[in-house]
Amino acid sequence: MRSQDGGGGGNPVGSASTALSSSQSGGTGYMGEVLQSNSGSPKPHRYGVMISSSGSVYEGEFKEGKKEGKGVFSYDNGNTFKGEFKEGYKDGFGCFLWSKGDAYEGHFLQDRRTGYGSFHWVSGNSYFGEWKDDCRTGCGVFRWDDGEVYEGKFENDTRTGVGVHYYLNGDRYEGEFLQGYRHGFGMYLYNNGDVFKGQFDQGKRHGFGQLVFLNGNKYTGDFHNDKRSGHGHFHWHSTGNSYEGEFHNDKRTGKGVYLYNNGDKFVGSFLNGKKHGVGSSFTFRTTRDGVREMVVWRESWANGTLVERDYDKGGGAGPIQDNGVTLTVHRTPGGDVYYGGWKDSKKHGKGKLIYLKDAVYEGDFVGGQKHGYGSLVFLNEDKYEGEWSEGKKHGYGTYTWCNGSVYQGEYVDARKQGHGKMMYNNGDTYEGFWHLGKKSGYGIERWLNKEVYQGEYQDGRRHGYAVVIHANKDRYEGTYANGVKEGFGTMYYHTGEVYVGEWKNGLRNGGGMQLLEGKPCYSGQWLDDQRAADNGSDVYCNHQERQALTKRYGWNAQGTSFLASRKKIRFRPGSLAK
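Position 546 of the sequence shown, counting from 1, maps to 546 under the UniProt record's numbering, and the rest follow consecutively.
Be aware that one or more of the hints could be misleading.
[As the list claims (entries may be wrong)] Below are the DSBU-like pairs computed for lysine-lysine, each with C-alpha atoms no more than 30 Å apart in a straight line: (1) LYS343 x LYS392; (2) LYS352 x LYS265; (3) LYS265 x LYS227.
Hints are computed from structural coordinates only; laboratory data are not their basis.
All values derive from a computational prediction rather than experimental measurement.
Could you put the whole structure together from the sequences, leaning on the hints where they help?
This is the structure we're talking about:
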């Protein structure tokens, strides 16, 4: 901290007299008030004009020889600064105009753009938001001259963090950015109605994601270099058919399973979207006794054309006694009854198991365990129908509760895992990804009251980036943590008000800006959903507008005015407005 003691007999500097002075030294000229100190030469003080040897001119307030207060600095290169100074630095609110036409209006700290401010380039681009050390850092809005808009987080002049980019062709991206690229988790809405939600890497779809087409078709799985590549699941909306397996360059290539809407399926190899190589077709038929059984065909395909087809007895077709499988009725010591195929002293093939206490299973068995496809109906009328593995729900299936709730989707080791849709008996729905039985990853949750949450989950709670439409039509785009708004986000209130900034514990906390009718009206700090007193800037055009907007939106106006309009900092010839 600078000492306030002027030396010389111990008299404080402030006790010295002031006078008007005109002097020139070393090519530098000064005209104005000075501080007559007992310990040295006079220093510019209060108001004056200083001309440097390079030709730069400062007109404004001084304190003890340094620029302090309001002033205008005209640089020798044609640049101009008009605003506040502290200890010789541009510090506070001011306007900087470059000779080439660029302009910045906002806060400074020790000569650097730091705080909130707007920058207008002569090219037509503009930015309004947070700054740090002369760089766009924090939350802000960047507008290109061609009409594209980015709203979100910046770091060192690049789009880094969570944000929304509105493209000129009508596309929109909402999600994470890194050094100007779409990177991390995000949602891309194409102008043709298609929607992608998932991982990006340096601007391209890369990793796990879901692509929903306008016609209702849906792909869920891996992407590589912007293409569907890796393992994935594709569902055709018009037919109800689906494919799960390997993809390469947007086409089914590799091993996979094609499931038809009637329950038939093909398991085998694909190339460029067509069956190619060896595979097996599983079809259902009904016997004369009314029993529905599966028939398996061993097939060979070439570029989508069937070349050869053989009856596969080992797969369950033909007489049930083939391949060592016999029909049996077996009762367990506990009273359960089994009807069906039997091999090596174990349930094997098609069968029906009636549990004495609470359930009936009918379907496939392998090695004594439920394995393949089957249905399990409980005494309370809960029902699961779908795929099984080693006695557990595993694969795709539908679980219907007796209260009317329904889950359709993937299971792993008897727990919801992968992609699935949950339809609750009260009308609420969730469609998205699950992990260990809980909502995890990307999903869309819709409530009967019309509220919609579209974004990331973790361990069953809202966590990550999301877009939320509340029941009262408020819209939030931003991040969540542990179920509440946390981090950076934008809230579009149904009243027309907009808040862009930081959140904590579900409330506006930290740096943020408030906009009305698309125009900023307040920039600064927030605490528990309220403007933090003495730590922000009102940016109304005039006092009447402030009163009108305060009355309209019912604000308890807080904060300190920093005269954030150019019109409020006026200089008259030869003097400085006080």
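Results of checking the hints against the structure:
Under the criterion of a C-alpha separation no larger than 30 Å, the hint pairing LYS343 with LYS392 is consistent with the structure, at around 20 Å. Taking the CA atoms of LYS352 and LYS265, the gap is about 22 Å. The hint holds against a cut of 30 Å. With a C-alpha separation of about 26 Å, the suggested pair LYS265 and LYS227 falls inside the 30 Å cut-off, and the hint holds.
Violation of the numbered hints given earlier is absent; every hint is satisfied by the structure.
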